[in-house]
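K.L.:
All chains, please: the whole structure from these sequences, using the hints.
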Amino acid sequence: MQTSATEAPAACAAPAASGAPEAADDVQGPEGLIAAERARIDELDARIIDLVRQRMTISETIQQARIAAGGRRLHLSREMEILDHYSQELDRPGRELAMTLLGLCRGR
Numbered sequence: 007m008q009t010s011a012t013e014a015p016a017a018c019a020a021p022a023a024s025g026a027p028e029a030a031d032d033v034q035g036p037e038g039l040i041a042a043e044r045a046r047i048d049e050l051d052a053r054i055i056d057l058v059r060q061r062m063t064i065s066e067t068i069q070q071a072r073i074a075a076g077g078r079r080l081h082l083s084r085e086m087e088i089l090d091h092y093s094q095e096l097d098r099p100g101r102e103l104a105m106t107l108l109g110l111c112r113g114r
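When the letters of the sequence shown are read in order and numbered with the numbering used here, they come out as residues 7 to 114.
It is worth saying that the hints were derived from the structure and are not from the lab. The beta-carbon is built from N, C-alpha and C at its ideal position, and this holds for glycine as well. Just to be clear, a hint being listed does not mean it is correct.
Listed next, with one range per pair, are the computed distances between beta-carbon atoms [unchecked claim]:
(1) R44 <-> R79: 36 to 42 Å
(2) T106 <-> R79: 16 to 22 Å
(3) I73 <-> L50: 32 to 38 Å
(4) R79 <-> G38: 45 to 51 Å
(5) I68 <-> A41: 36 to 42 Å
(6) D97 <-> V58: 27 to 33 Å
(7) E95 <-> I47: 29 to 35 Å
(8) G76 <-> A41: 52 to 58 Å
(9) E95 <-> A71: 26 to 32 Å
(10) D48 <-> H81: 16 to 22 Å
(11) T106 <-> Q70: 44 to 50 Å
P.N.:
In structure tokens, the structure reads:
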């Protein structure tokens with residue numbers, strides 16, 4: 007960790023090291039840091055996409071069960087709860103994200 011104390015971008019390199027200890031040794035200069043962090047974002051994006059697909063499948067199961075029980079496909083009060091939750095956690099962009107997720111999960 008001597009190098010992080012003497013290098014200016016040490017504060018930026020620390021988060022990469024916490025996720026993967028060997029990453030700090032591989033990062034050289036801003037370009038290396040940017041490439042490493044972009045790789046982390048790509049990994050997160052892949053996980054998010056997988057989670058959204060799982061959410062879509064679960065939502066479809068719930069909709070089918072609700073319809074089979076004589077209910078409606080959509081449950082608007084539940085959607086409002088989700089919108090409120092995302093808004094509380096992520097402010098206005100969170101609400102927009104929730105709207106997108108709900109749209110994806112409503113089925114066709």
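K.L.:
Checking each numbered hint in turn, tell me which of them this model violates, lowest number first.
P.N.:
6, 7, 10, 11
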